[in-house]
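2 protein chains.
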Amino acid sequence: MAAANGDASHGSGGVPRPTNPMVTPLLTDLYQFTMAYAYWKAGKHLDRAVFDLYFRKNPFGGEFTIFGGLEECIRFIANFKFTEDEIKFLQSVMPTCEDGFFEYLRSIDCSDVEVYAIPEGYVVFPKVPLMRIEGPVAVVQLLETPFLNLVNYASLVTTNAARHRLVAGKSKNLLEFGLRRAQGPDGGISASRYCYMGGFDATSNVAAGRLFGIPIRGTHSHAFVSSFMGLDDITDKALSSSDGSKKCEDFGSLVQNWLIRIQESSSLHGTFGETNQSELAAFTSYALAFPNSFLALVDTYDVTRSGVPNFCAVALALNDMGYKAVGIRLDSGDLAYLSIESRKFFRAIEKEFEVVGFGKTSITASNDLNEETIDALNKQGHEVDAFGIGTYLVTCYAQAALGCVFKLVEINKQPRIKLSEDVTKVSIPCKKKCYRLYGKEGYPLVDIMTGEDEPGPKATWHLHVLSVVILYAIVTILRNLKQLVGFMIYHLFIDW
Amino acid sequence: MAAANGDASHGSGGVPRPTNPMVTPLLTDLYQFTMAYAYWKAGKHLDRAVFDLYFRKNPFGGEFTIFGGLEECIRFIANFKFTEDEIKFLQSVMPTCEDGFFEYLRSIDCSDVEVYAIPEGYVVFPKVPLMRIEGPVAVVQLLETPFLNLVNYASLVTTNAARHRLVAGKSKNLLEFGLRRAQGPDGGISASRYCYMGGFDATSNVAAGRLFGIPIRGTHSHAFVSSFMGLDDITDKALSSSDGSKKCEDFGSLVQNWLIRIQESSSLHGTFGETNQSELAAFTSYALAFPNSFLALVDTYDVTRSGVPNFCAVALALNDMGYKAVGIRLDSGDLAYLSIESRKFFRAIEKEFEVVGFGKTSITASNDLNEETIDALNKQGHEVDAFGIGTYLVTCYAQAALGCVFKLVEINKQPRIKLSEDVTKVSIPCKKKCYRLYGKEGYPLVDIMTGEDEPGPKATWHLHVLSVVILYAIVTILRNLKQLVGFMIYHLFIDW
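First to last, the protein sequences are chains A and B.
For the first sequence, the residue numbers in this note's numbering are 1 to 496.
For the second sequence, the residue numbers in this note's numbering are 1 to 496.
For the record, the hints were derived by calculation from the structure and aren't laboratory data.
Glycine included, each C-beta is placed from N, C-alpha and C at the ideal position.
Hints may contain errors.
What the hints assert, rightly or not - Covered stretches of chain A, as calculated for chain B (at least 3 residues, CB under 8 Å): (1) 20–30; (2) 200–214; (3) 225–237; (4) 280–292.
As the list claims (entries may be wrong) - Computed list of lysine-lysine pairs in DSBU-like fashion (alpha-carbon distance at most 35 Å, straight line): (5) LYS425/A to LYS324/B; (6) LYS425/A to LYS433/B; (7) LYS431/B to LYS237/A; (8) LYS433/A to LYS413/A; (9) LYS324/A to LYS88/B; (10) LYS170/A to LYS127/A; (11) LYS246/A to LYS88/B; (12) LYS425/A to LYS425/B; (13) LYS425/B to LYS344/A; (14) LYS425/A to LYS170/B; (15) LYS170/B to LYS127/B; (16) LYS237/B to LYS431/A; (17) LYS324/A to LYS237/A; (18) LYS237/B to LYS81/A; (19) LYS425/B to LYS170/A; (20) LYS172/A to LYS57/A; (21) LYS440/A to LYS379/A; (22) LYS57/A to LYS172/B; (23) LYS360/B to LYS170/B; (24) LYS127/A to LYS413/A; (25) LYS360/B to LYS172/A.
Isolated chain A (complex conformation):
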């Protein structure tokens, strides 16, 4: 795993810095600093406060959320320290504040902060705290905005990815193609990371592949196809066979011969006429560059009359040389119909030319896909093996924000509540414990919250049938910042 923030990727305590170097203690709302100053002036800044981070409603009209962003929060607090330049900037923004306050800011790290959190990647529900943050009130307030920023989108897009996986089914390949439409550079990079966590197989995003070790996929675009005039554009058309035993000096001619054979074949005769020569040249060029992984975008001109026949000609020529083409991508039109027609064509080729397995050539679909369009494709019937999903996935178009909040629930051991004219905005006071109850079959049934000091669900109802998991893992940043105490999950086995 490479770090975007270069050489200084590890802080003094060995915990890596946040992936995005823009995540600094200044990535917060100004009021966190004005409040810190008011606390400091009032002599209250060291009061021990407990905040809950939670959301109020599952996104996308759904019944679950997946928690993402915890690792980045931990990286952030483990390396939390103001630079002298940052202090100077804050002094310029708050010129009436006393020097002693900035001395205090200089001294701050998060060694007094304790974080209890549900492990990242867990399914979570409204109102159950994803994180409980305890520490000096002035310090913990400074964490509110960055924690919310790091958790809100991460959890939202992970959930979105998981929902796409559920609708597409386990057997399909899901590819995240969203970088170009994402909300900024790390909207793109975060999307790639969290979509992978949410169940996607790969991304098109090279930077995310490098940062997080996610498999990267990609072939060519429409521009590649239309950039060719014809086969004469390719200066070197030689291709060695897969096993190195022979060499074809003019792979373009081999392709053209196959195109004629397909056109004249009994089962395909008349299904297409002249195919587009710039497309044929582009496919040939791509196959010469990547004979082991030839996948062609077939809708630049006409899928059934040009793209698919051209692809098959190149794929059969590759087959002659011992290579197996991967497949096609459809990026416009009626994807259900075109995938079915393409599959028929592949099967006809398999039968006509006795190329075993050609009928199973992979079909990838893209073009503004989302949960609804995939569901519609499923209902119509289709022959798509892989979905490339971009805009709707990464921008969470159906609901572009998750409303995580960060609420004070206790200070100096006194419970605190936020009332509101809006009942849904009233907070639940006190430190909490949260349990997840599992049924006999191992499926979770319900989450239960209790006060920190209340007894848990009864453990006397026998020992082996139902498990109760305390959801919170303890993530303590030790005073010396040398290490994190890892996640600890307690399992209590009880009957229900």
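Let chain A serve as the given structure and place chain B on it in line with the hints.
Coordinates of chain B only, in the frame set by chain A:
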């Protein structure tokens, strides 16, 4: 202006590096590299290509878009160069590619690339190219994904901000409060920057304020209010007067005296009973910290029965000491009603206690505001002076993505088109010039595109009534990367 990317903020050519250090040549789709390799294998990589970057439809069901993101694109190409680590990573991803290709990548910069662009911040329309990018096809393809990533969200959120400004009106203060709900860290930072470009007055985001010189605003949260038990929490209650001539040793008592006077005043008698003491303590503490800029969040418990009376008591105590309170913020409930009631209260205070101008105390509203809710407030009538807008603004909730595309329109001086089963996806071939025609009153009338070599709109129809502006500015990265040729805008004056 400080740079997020630290010391290495300026590339060799004097053009600053991209604001987000994560914007590197690897922030692109893998297929840009596989295509580059195929071009290189075919000997086509130096073919001179022309790409248009444009969008197909105005966002938010609206009639205009504002172009954002150009500066970051220019920073990106001016500093475009692969590091050895990046080359090694690409070799690991594309292990079958020949070494010569990676040598070629090592040699690439954007000195052969020309960019013609509409200036950033202009109002723009569908299908008119925002940028025309000319250069070696393999290099320009590598720019597709980062350019789209940098322009799509920037233009979308700038447009969204401008739409919020239009509905709120010129006289209102617009504050961007979106960092916590934005799509990741630089979703937040970019939003602050481009909302300011789109007509906002300030942001809550400290990091964005530092990076871009945007005014920063913020006061305190509900947690601050509920963290206080009572006035005893404040250890030092002394406050010197604004002119330094006197000192109040117990500002808390002064506040409490004012609260009693308000309660007993003839015009306000009976409008409220006991106010919340933790809130009163929090307001007092905040005023002691920021006597010159006291602004209180008044809806933690009850706006009319606690928040506003408590605010007024503190404001009147500050007034005694020569300070002028700024105002209140409402963050829940019926904002129209509450703002009107608060205004009435302020006017009654002004009259009762003869505090000139108190009736004009500023009222800020927040709480999930967007174009529709501000429009509804306008229709109901309200007394809000400033709007704090977050989630809906920065995530562009109403439409979370702009569909900018990057299409090949010419290669080696041959026009190219992308056909599609979907007619709206067909591209317009050839290099273009674009003119904006202005009416006598100086308002733009229409944009007109012509072929690059076609004559422009007739300049013979007199010289002074209507101006035609060639929209494209030429942004050429000189071979030595020493400087950018700045934007050049040609004005032709013609009659219409």
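To see whether the hints hold, each was checked on the structure:
{"no.": "1", "hint": "20–30", "result": "holds (count 10)"}
{"no.": "2", "hint": "200–214", "result": "holds (count 6)"}
{"no.": "3", "hint": "225–237", "result": "holds (count 8)"}
{"no.": "4", "hint": "280–292", "result": "holds (count 6)"}
{"no.": "5", "hint": "LYS425/A to LYS324/B", "result": "holds (32 Å)"}
{"no.": "6", "hint": "LYS425/A to LYS433/B", "result": "violated (54 Å)"}
{"no.": "7", "hint": "LYS431/B to LYS237/A", "result": "holds (31 Å)"}
{"no.": "8", "hint": "LYS433/A to LYS413/A", "result": "holds (15 Å)"}
{"no.": "9", "hint": "LYS324/A to LYS88/B", "result": "holds (27 Å)"}
{"no.": "10", "hint": "LYS170/A to LYS127/A", "result": "holds (30 Å)"}
{"no.": "11", "hint": "LYS246/A to LYS88/B", "result": "holds (31 Å)"}
{"no.": "12", "hint": "LYS425/A to LYS425/B", "result": "violated (45 Å)"}
{"no.": "13", "hint": "LYS425/B to LYS344/A", "result": "holds (27 Å)"}
{"no.": "14", "hint": "LYS425/A to LYS170/B", "result": "holds (32 Å)"}
{"no.": "15", "hint": "LYS170/B to LYS127/B", "result": "holds (30 Å)"}
{"no.": "16", "hint": "LYS237/B to LYS431/A", "result": "holds (31 Å)"}
{"no.": "17", "hint": "LYS324/A to LYS237/A", "result": "holds (18 Å)"}
{"no.": "18", "hint": "LYS237/B to LYS81/A", "result": "holds (30 Å)"}
{"no.": "19", "hint": "LYS425/B to LYS170/A", "result": "holds (32 Å)"}
{"no.": "20", "hint": "LYS172/A to LYS57/A", "result": "holds (29 Å)"}
{"no.": "21", "hint": "LYS440/A to LYS379/A", "result": "holds (34 Å)"}
{"no.": "22", "hint": "LYS57/A to LYS172/B", "result": "holds (32 Å)"}
{"no.": "23", "hint": "LYS360/B to LYS170/B", "result": "holds (18 Å)"}
{"no.": "24", "hint": "LYS127/A to LYS413/A", "result": "holds (21 Å)"}
{"no.": "25", "hint": "LYS360/B to LYS172/A", "result": "violated (62 Å)"}
Of the numbered hints listed earlier, those contradicted by the structure are 6, 12 and 25.
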